[in-house]
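Number of protein chains: 2
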Amino acid sequence: MAGTEQQTRSRVEAANSADSDFPIQNLPFGVFSVADGAPRCGVAIGDMIVDLAECEAQGLLEAQGTFSAPHLNDFIALGRPAWDRTRARLTELLAEGASEDVPLVPMADATMHLPIRVTEYTDFYASKNHAFNVGVLFRGPENALPPQWTHMPIGYNGRASSVVVSGTDIRRPMGQVKGENGPEWTACRRLDLELELGAVVGADSQMGQRVSVDEAEKMIFGYLLLNDWSARDIQAWEYQPLGPFQSKAFATTISPWIVTQAALEPFRSEGAPRDNELLPYLREERPGFYDMTMGWTMNGQRMGQTNYNVMYYSSAQQLAHHTESGCPMRVGDLLGSGTISGPEPGQTGALLEMTQSGKSPVEVNGQQRQFIEDGDEVALYGFAQGDGYRIGFGPCVGKILPAQE
Amino acid sequence: MAGTEQQTRSRVEAANSADSDFPIQNLPFGVFSVADGAPRCGVAIGDMIVDLAECEAQGLLEAQGTFSAPHLNDFIALGRPAWDRTRARLTELLAEGASEDVPLVPMADATMHLPIRVTEYTDFYASKNHAFNVGVLFRGPENALPPQWTHMPIGYNGRASSVVVSGTDIRRPMGQVKGENGPEWTACRRLDLELELGAVVGADSQMGQRVSVDEAEKMIFGYLLLNDWSARDIQAWEYQPLGPFQSKAFATTISPWIVTQAALEPFRSEGAPRDNELLPYLREERPGFYDMTMGWTMNGQRMGQTNYNVMYYSSAQQLAHHTESGCPMRVGDLLGSGTISGPEPGQTGALLEMTQSGKSPVEVNGQQRQFIEDGDEVALYGFAQGDGYRIGFGPCVGKILPAQE
Numbered sequence: 001m002a003g004t005e006q007q008t009r010s011r012v013e014a015a016n017s018a019d020s021d022f023p024i025q026n027l028p029f030g031v032f033s034v035a036d037g038a039p040r041c042g043v044a045i046g047d048m049i050v051d052l053a054e055c056e057a058q059g060l061l062e063a064q065g066t067f068s069a070p071h072l073n074d075f076i077a078l079g080r081p082a083w084d085r086t087r088a089r090l091t092e093l094l095a096e097g098a099s100e101d102v103p104l105v106p107m108a109d110a111t112m113h114l115p116i117r118v119t120e121y122t123d124f125y126a127s128k129n130h131a132f133n134v135g136v137l138f139r140g141p142e143n144a145l146p147p148q149w150t151h152m153p154i155g156y157n158g159r160a161s162s163v164v165v166s167g168t169d170i171r172r173p174m175g176q177v178k179g180e181n182g183p184e185w186t187a188c189r190r191l192d193l194e195l196e197l198g199a200v201v202g203a204d205s206q207m208g209q210r211v212s213v214d215e216a217e218k219m220i221f222g223y224l225l226l227n228d229w230s231a232r233d234i235q236a237w238e239y240q241p242l243g244p245f246q247s248k249a250f251a252t253t254i255s256p257w258i259v260t261q262a263a264l265e266p267f268r269s270e271g272a273p274r275d276n277e278l279l280p281y282l283r284e285e286r287p288g289f290y291d292m293t294m295g296w297t298m299n300g301q302r303m304g305q306t307n308y309n310v311m312y313y314s315s316a317q318q319l320a321h322h323t324e325s326g327c328p329m330r331v332g333d334l335l336g337s338g339t340i341s342g343p344e345p346g347q348t349g350a351l352l353e354m355t356q357s358g359k360s361p362v363e364v365n366g367q368q369r370q371f372i373e374d375g376d377e378v379a380l381y382g383f384a385q386g387d388g389y390r391i392g393f394g395p396c397v398g399k400i401l402p403a404q405e
Numbered sequence: 001m002a003g004t005e006q007q008t009r010s011r012v013e014a015a016n017s018a019d020s021d022f023p024i025q026n027l028p029f030g031v032f033s034v035a036d037g038a039p040r041c042g043v044a045i046g047d048m049i050v051d052l053a054e055c056e057a058q059g060l061l062e063a064q065g066t067f068s069a070p071h072l073n074d075f076i077a078l079g080r081p082a083w084d085r086t087r088a089r090l091t092e093l094l095a096e097g098a099s100e101d102v103p104l105v106p107m108a109d110a111t112m113h114l115p116i117r118v119t120e121y122t123d124f125y126a127s128k129n130h131a132f133n134v135g136v137l138f139r140g141p142e143n144a145l146p147p148q149w150t151h152m153p154i155g156y157n158g159r160a161s162s163v164v165v166s167g168t169d170i171r172r173p174m175g176q177v178k179g180e181n182g183p184e185w186t187a188c189r190r191l192d193l194e195l196e197l198g199a200v201v202g203a204d205s206q207m208g209q210r211v212s213v214d215e216a217e218k219m220i221f222g223y224l225l226l227n228d229w230s231a232r233d234i235q236a237w238e239y240q241p242l243g244p245f246q247s248k249a250f251a252t253t254i255s256p257w258i259v260t261q262a263a264l265e266p267f268r269s270e271g272a273p274r275d276n277e278l279l280p281y282l283r284e285e286r287p288g289f290y291d292m293t294m295g296w297t298m299n300g301q302r303m304g305q306t307n308y309n310v311m312y313y314s315s316a317q318q319l320a321h322h323t324e325s326g327c328p329m330r331v332g333d334l335l336g337s338g339t340i341s342g343p344e345p346g347q348t349g350a351l352l353e354m355t356q357s358g359k360s361p362v363e364v365n366g367q368q369r370q371f372i373e374d375g376d377e378v379a380l381y382g383f384a385q386g387d388g389y390r391i392g393f394g395p396c397v398g399k400i401l402p403a404q405e
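Each protein sequence line maps, in turn, to chains A and B. Residues 1 to 405 in UniProt numbering are what the first sequence spells out, letter by letter. Residues 1 to 405 in UniProt numbering are what the second sequence spells out, letter by letter.
Worth flagging that the hints you see were computed from the coordinates, not collected in a lab. Hints should not be assumed to be uniformly reliable.
[Unchecked claim] Covered stretches of chain B (chain A as the covering partner; in silico rule of three or more C-beta atoms under 8 Å from a C-beta of chain A): (1) 44–50; (2) 149–163; (3) 166–177; (4) 204–211; (5) 242–252; (6) 273–286; (7) 316–325.
[Claimed, not checked] Only pairs whose alpha carbons sit at most 20 Å apart, straight line, appear in this in silico SDA-like list of lysine to any residue: (8) B:Lys178 with B:Arg189; (9) B:Lys399 with B:Thr168; (10) A:Lys178 with B:Pro241; (11) A:Lys178 with B:Leu278.
[As the list claims (entries may be wrong)] Which residues of chain A face chain B? A few of them, derived with a C-beta cut under 8 Å, are: (12) Gln148; (13) Arg159; (14) Val165; (15) Ser212.
For glycine and all other residues, C-beta sits at the position ideal for the given N, C-alpha and C.
Model the full structure from these sequences, guided by the hints.
So, in structure tokens, the structure goes:
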């Protein structure tokens with residue numbers, strides 16, 4: 001069960017609050033800037049950011065100059081021993097009673113940037129509830145779950161150039177949809193979110209190299225929140241037979257903080273029960289999920305909430321499958337988990353499911369919603385609850401601007 | 001019609017042969033190295049390569065240091081005026097009778113590298129013959145052509161990390177396929193090629209910016225040959241509903257030379273006749289195809305041959321569609337045309353079509369082939385035939401190595 005890691009208090013007082021996303025047990029990595037300074041790497045602690053570039057300049061941390069880059073890719077590429085050394089040293093520097101001066105910046109003064117240069121982006125489809133619910137809506141109940149679904153983590157390549165950081169406004173896309181009398185060119189009428197966990201690949205694999213599930217887990221640097229905005233009307237018209245394309249290519253929002261595997265380790269959990277045994281290349285020695293609350297709000301109202309451990313395939317299984325043909329992976333590749341949905345409407349991670357494709361509108365602050373309207377703000381949240389602390393991701397927010405026709 | 005550009009002769013004698021792929025009218029760009037030197041940019045002329053980095057060092061060409069990079073991205077990012085100036089100056093330097101010393105390297109001494117750092121890779125599906133043929137085999141004749149096919153260029157995001165340069169051996173992939181009693185883990189049994197033209201995006205577009213077909217054409221730097229190797233058994237099992245994934249992620253081979261739009265301009269051509277009017281965002285003011293022979297050989301034997309102008313959507317239309325939702329494009333993005341197939345079996349660009357999914361094997365040097373076998377070498381070729389010269393792409397070759405089980 002969760003929360004067995006020894007509690008520690010931080011010299012940064014806000015980090016000791018039970019509802020802070022960023023206690024000393026967390027220490028997630030991101031990229032920030034202040035005023036007219038250049039973006040650089042940082043770590044969140046309470047309501048402050050540790051300026052890692054400045055730490056390195058002052059000799060408090062060693063990372064071969066990678067912390068002054070405007071992304072974490074170079075640091076991540078140093079490998080797991082460097083990740084572990086940095087985490088251990090930061091825990092020491094930030095502990096209550098520690099005396100060395102640590103360069104800290106108030107979060108309130110900082111602008112957050114994309115934490116990584118996204119090399120490539122792959123999105124999976126690993127909640128059985130979601131796959132079944134969406135399958136019913138797109139293809140009817142008899143063809144809902146594709147026959148290979150319980151045998152492999154289905155995924156598709158997304159568009160890395162459209163990944164943006166939390167807080168970026170999202171323009172409602174235009175696109176081609178099926179109309180009464182043939183195709184129409186229109187502003188999307190069925191704009192949706194997808195509540196997902198993103199995994200950041202932290203090591204390269206070579207062309208032709210197959211990575212086992214256990215090796216794959218060691219290749220993952222950490223996790224973030226990911227909203228795979230989706231234009232359902234564009235998707236329905238375009239997606240057969242080559243999959244979603246422009247319906248998913250206008251924007252994907254990620255949270256600015258990457259929570260490391262080390263921080264989540266105490267919350268390791270089984271996932272959903274299996275319908276059948278997996279082929280050996282997808283079996284894992286220990287469960288690769290986390291007991292972690294995942295949810296979303298619209299305009300401040302709580303909408304859907306579930307747990308990451310409802311998922312059927314872990315990020316490590318997805319990464320292993322991604323290499324099964326010999327496909328090379330690279331530092332900075334981003335893997336979306338797929339929409340995280342529990343079985344009940346209040347546990348779904350997309351409006352498509354929650355409203356039954358618009359047939360059962362939901363109420364948001366007294367207004368009816370089938371899909372997302374202009375001006376709506378969607379925020380994802382996620383945290384693993386420990387004993388007196390929680391490992392949180394911070395916000396993953398986007399507001400919808402009207403289409404430009 | 002083709003070949004109206006004024007003929008010019010080169011000081012490099014081999015470039016004046018009527019069957020050279022690289023006459024002075026062509027001047028395609030690539031990246032090469034010699035002996036233990038670093039990769040750098042070059043231009044093909046006859047049987048020689050112009051060392052552009054050395055030209056720049058000697059003051060013969062100006063390109064802001066971009067030619068000493070191991071890829072063409074930086075040069076391409078300089079924009080169309082720089083492309084045009086470079087082409088004009090090279091034409092001058094390489095003309096018969098020109099007197100300035102030009103640093104030339106024999107092709108026989110050079111190793112070719114990927115010409116670009118592939119930012120992202122998108123593959124389309126723009127031959128109606130191919131889409132119909134494959135649709136019949138995967139879904140039967142009544143559902144062969146998807147309903148949106150004649151209204152939009154269908155595409156999917158591929159995997160940029162798996163793009164390799166001509167001459168790289170290709171390892172037969174392992175993967176999950178449908179077996180008699182559930183899924184099997186096996187070496188691919190239905191390995192195929194896809195004869196395609198690749199377009200190299202030469203300018204960025206911004207998030208939210210929609211690019212017209214005419215603007216899109218101006219954003220394309222040039223074209224190359226592209227073999228989208230495909231594992232048909234893995235594809236059939238995995239591709240519903242999110243499209244091809246690992247079946248296309250083990251390797252895509254491209255030719256080392258990028259033929260510019262300027263070189264192909266005299267061969268501009270109409271494409272396939274349209275079944276219906278396109279929505280305005282996909283209409284083009286002038287045809288965006290080229291009268292260009294495209295074909296492939298296996299183990300030296302000619303297999304399929306057709307013309308690029310059988311295609312239904314041009315690269316410019318594909319690029320415009322790619323931005324319709326506001327998806328940002330970047331210098332170095334690679335767009336595959338989709339398999340180029342004419343209506344007859346001898347005009348197809350994939351064995352899947354040529355052998356009717358293996359039911360009608362073809363003879364290759366006296367041996368039967370349903371799909372590609374270990375040790376087989378597939379070579380693509382392509383050229384536009386002018387009057388006494390041709391604009392060619394050089395070879396795009398890959399040999400299949402046995403799977404590593």
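Chain A over the region 273–286 of chain B, status - at least 3 residues with CB closer than 8 Å: With 4 residues in contact (Cβ-Cβ under 8 Å with chain A), the coverage given for the region 273–286 of chain B holds.
With chain B as the partner, please determine if Gln148 of chain A meets the hint condition of a C-beta pair closer than 8 Å. holds, 5 Å
Hint Ser212 of chain A vs chain B: min CB-CB distance below 8 Å? violated, 13 Å
For the pair supplied as a hint, Lys178 of chain A and Leu278 of chain B, is the alpha-carbon distance within the 20 Å limit? The hint holds at about 14 Å.
Keeping to a limit of 20 Å between CA atoms, is the pair of Lys178 of chain A and Pro241 of chain B held or broken? At roughly 18 Å apart (the allowed maximum being 20 Å), Pro241 of chain B and Lys178 of chain A satisfy the hint.
If you take the shortest Cβ to Cβ gap from Arg159 of chain A to chain B, is it below 8 Å? For Arg159 of chain A, the interface hint holds, since the closest Cβ of chain B sits about 6 Å away, which is under 8 Å.
Closer than 8 Å, Cβ to Cβ, for at least three residues: run that test on the region 166–177 of chain B against chain A and report holds or violated. It holds, with 5 qualifying residues against the three required.
Would you say the region 242–252 of chain B counts as covered by chain A, given the rule of at least 3 residues with C-beta under 8 Å? Held - the region 242–252 of chain B has 9 residues with a Cβ nearer than 8 Å to chain A, which meets the minimum of three.
Using 8 Å as the Cβ threshold, decide whether Val165 of chain A counts as touching chain B. violated, 12 Å
Annotated coverage of the region 44–50 of chain B by chain A, confirmed only when three residues or more have a Cβ within 8 Å: The restraint on the region 44–50 of chain B is violated, since only 0 of its residues have a Cβ under 8 Å from chain A and three are required.
Report holds or violated for chain A covering the region 204–211 of chain B, Cβ cut-off 8 Å, minimum 3 residues. holds (count 3)
Take a quick look at whether Lys178 of chain B and Arg189 of chain B sit within 20 Å of each other, Cα to Cα. holds, 12 Å
Against the hints set out earlier in the document, violations occur for numbers 1, 14, 15.
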